[in-house]
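With the hints in hand, could you dock these two chains into one complex?
Protein chains in written order, with my numbering: chain A, 1 to 258; chain B, 1001 to 1307.
These aren't lab readings, by the way, just hints derived from the structure by calculation. Hints are not guaranteed to be accurate.
[Said to hold, decoys possible] With a straight-line Cα cutoff of 35 Å, these simulated DSBU-like cross-link-like pairs (lysine-lysine) come out:
id, chain 1, residue 1, chain 2, residue 2
1, A, 8, B, 1200
2, A, 147, B, 1200
3, A, 8, A, 43
[To be verified] Pair ranges (Cβ atoms, derived):
id, chain 1, residue 1, chain 2, residue 2, range
4, B, 1107, A, 247, 56 to 64 Å
5, A, 19, B, 1087, 51 to 59 Å
6, A, 45, B, 1271, 39 to 47 Å
7, A, 170, B, 1066, 35 to 43 Å
8, A, 217, B, 1216, 53 to 61 Å
9, B, 1205, A, 174, 54 to 62 Å
10, A, 19, B, 1271, 46 to 54 Å
11, B, 1130, A, 33, 18 to 26 Å
12, A, 246, B, 1205, 43 to 51 Å
13, B, 1293, A, 124, 50 to 58 Å
14, B, 1118, A, 174, 39 to 47 Å
15, A, 170, B, 1057, 43 to 51 Å
16, A, 204, B, 1271, 17 to 25 Å
17, B, 1107, A, 204, 55 to 63 Å
All C-beta atoms, glycine included, are put in the ideal place defined by N, C-alpha and C.
Here's the letter readout for the chains.
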Amino acid sequence: MSTKASFKKFAQGLPGILTFLALWEIVPHLGIFNPTYLPPFSKVAVALWEIILDGTLFTHIAISLERSLSGFGLALVFSIPLGFLLGWYPRFEHFLDPLLQIFRQTSVLALFPVFILVFGIGEFSKIFLIFWAVQWPILLNTALGVKEVDPLLVKAARSMNTTTWQLFSKVIFPAAFPSIFLGIRLAATYSILVLIAAEMIGARSGLGFLLFDSEQLFKVPTMFASIVTMALLGLGLNYGLLAIGNRINSWKTVEAEG
Amino acid sequence: MSSSSTIVQEQPAALLRIQRATRQAFPSTSVIAPHPALALALARIGGFGNALGGRLLKIIKGLPCILLFLAAWEVVPRLATEFDLFDATFLPPFSTVIATFWGIVCDGTLFKHAAISFERSAAGFLLANAVAIPLGILIGWFPAVERFCDPILQTFRQTAAMALFPVFILLFGIGEPSKVILIYWGAQWPILLSTVTGVKTVDPLLLKAARSMNASTLQIFFKVVLPSAFPSIFTGIRLAATSSILILIAAEMIGANQGLGYLVYDSQTRFEIPLMYAGIISLSLLGLAVNYAMVAIDNLNSWNKKA
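Just chain B, with the same shape it has in the complex (with noise of 0.2 Å):
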């Protein structure tokens, strides 16, 4: 009794840790809070509703530069046609492109690119996810996998995907496979670099509280590994959805006849220039809707930054 009394004066922030890690670890087993899903659940709707306000302001104070850069857009090439600065072929104003981008939206040209590429990109994707998360959890789990495998992981992740692109076409074809399986390669790394990372660094302590009350195994990767390697694995997942739109935009423009990659290469090389542009912006809105997405789902795991 007074040797447990002596540890509490000389760890109280030890202690309050493993208090606190199991009843995150097991909410079932937790006294202190009776309804701690329920608290959960407030906390998170609160963060939720706190980050949405705070874009909403940062919106309205950086709508003045998006604003000026449309306005630079519209004047600088109609100046440069009245004075004779450059040629503005290269850069029709604003609202010529809008008018493009408008009218490719009302014809389903844009949808019928848009959904090709978001095919791509999106099978590419869920196969990395599928394929690198578990094996990041084996390598993250069992350091002799990890010393076994880490220099040939390292050299294959230097290799830029778009390297590889030929070889897949050769073994794959020049359909669908390949672009996905490109996709697939390109976005693989990050998720799978940050799993093993978010594994390895799991609290020791974490682990051993939960062992010391007789977890059995699949209970402490379940309730322990996973739920503390998630923030890690998600910050993989997310630049892996950035580089698949960038790997995705290359394999359109190099060897494919459909998808927004294409729809921009194509329009440069027959001198459709608005269209080009229209392109442009409509993947420029992809990457950050698919941004935005990454960092509301991300913000559903609010407990983690807070705790």
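Isolated chain A (complex conformation) (with noise of 0.2 Å):
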């Protein structure tokens, strides 16, 4: 999508943002719900500023950050490779696919409790976890996107004499990327909705830890404002990965689902 043509379809969306946030304004003055557990709009962004300010939300968006970077590295160095193989060598597939189904099927959420164990409360068993959640969706993603190349290509560049290696850099990645590409988007969506479980569950710091924290604590606006933040942290990273991935992907349409 052009940037004209983004920026249009913003504009024509801006309506239906205002009106939410005049709602937002309106509806605790109206005294419906309790207006100390639903601050209207206003405070929320006087609170929003505030901890922008005292540098409390850049503290905790860093260590957030942080964790999920090093997840999403890991996942990225571990799970291509084993994509390819698996979407490479079906005997290889056939004997994996069950246990990684099995595994796939099992909500991260319920390993946590494994990876605290084994790794501690630290810093490494929250980047296990999102390495854990990212993987599946890279994986799985590489493996099709590998076993769908078309033969049409490989044999052509077979019938060329390329070696094992050009082939691989020069047609299987090439082909396989968009699918890759796909995987990865997905896997930053669930990342970041892994990262906050695993903040409110087993943190000191972080977005999720501040949300769960100014819950508890009772600071309402605060906890409305890192609302706003993750929602758009969670905005940001899906509209940059969809600029990426049109940039790299510019020889071929992608269809640019939102």
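What follows is the structure, given as structure tokens:
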């Protein structure tokens, strides 16, 4: 999507967002809900501004980002090669598939206690949890992408006497890339959900902790401010990845579903 | 007459498509296939049988890997205690875990927690279906509604459901409603978005064909739009089922005193490690069962893939 088109789409959607914010401002004043539990938007914005100014927000964002990026990096390094192996050797896939399906269906958070036991309550158990959650979409989409490379391309390259390495780097990888990238995008959304849950369950810092802690301390505007931050973070991540994907894939039109 | 024959020559594929589409949309008006319902039923049974056979083969092929995994789970902790590699209290052998699992199956603990988890997730999930499918059809059908709602929907969708759990607790209390609403909230997005996509991407040819045969709006909706959007809606339902389990577990770990998520978390804090693994096994069986149930329902819809 071009910048102009996306800007137009944004402008068209502006009334929806403004209506929502207006409702958020007005509804608490109507007294349907207790306004202590649902503060108007202006109060939340003030609270957000305060935690931006005193640096609290950035400390927590930095820690959350550090965790999710480490887990993500680990998943990229580990899952993409494994995905290639799975996609390229059907027998290997037949062998491993049932186990992978079982693991994939085991909810990530169910394993969080195990990771805490094995890796301790420090950073590594959270990083590993994110790695574990994020690797499934990447792994499965990489395998799928490699499996669905047009056989004609592979045969054509072989008939021109390419080496295995050339075949891999010039044909299979570019052809499988859109699918891999889709996996990465799914993983990014997923990683935020898992990160927040992990930080709510067992952490002393990070956005999830800020949220949980402000709820416990009954600082409701701060709680909403951290939710707004998470929403913006998720949106930013999604559109950022979409933009990167479109740039790298420019030779091939990707069906960019928001 | 001559003009219609040139159309046939020029676009036989398109015409065939219209014919097939009309036959699908209005089986009663069809003259060519006298018993479309019977043919459909036969195809369905055949497709289901094949799928079943294929799956059985797949399971048999995959069995060695699962057995290997279980064997490793049994042997590694024993070797670890034998040679002092790592503390095997954190990873009890599979047989111990299965014995514990069997224990909680027999004394009804597992059933009690599973029933509560199931109740919560089913309530939230059904609520999500009831709200998101009609809303998705509305948004998909009226482009103006979509343009208006889209940015706000995108923002909400990108807000991790867990982030709103504290809000739901504040608004709905710490009882059941806040958990049910959280699961509803998390489950509705995939359903909503894929319903919108499904309704938006109905083949315009089908709509035109139906309109040209003077179908009323209601008929078009029930005989054309809904059936052709169904596969996409169903994909959303499947995604929602998976994500509702994830959210259920997180919610039960953070704020509950019953349910499978609580069982796992609680047994970890009380250091009852085999019990924790037994809880995890039951969660992963739950996930597998939900997934396969969804796949099986999806296969009943085989007419759409074969057509």
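Quiz item: Against the structure shown, which of the earlier numbered hints fail to hold, in ascending order?
Solution: Hint check: 9, 12, 13, 15 and 17 fail, others pass.
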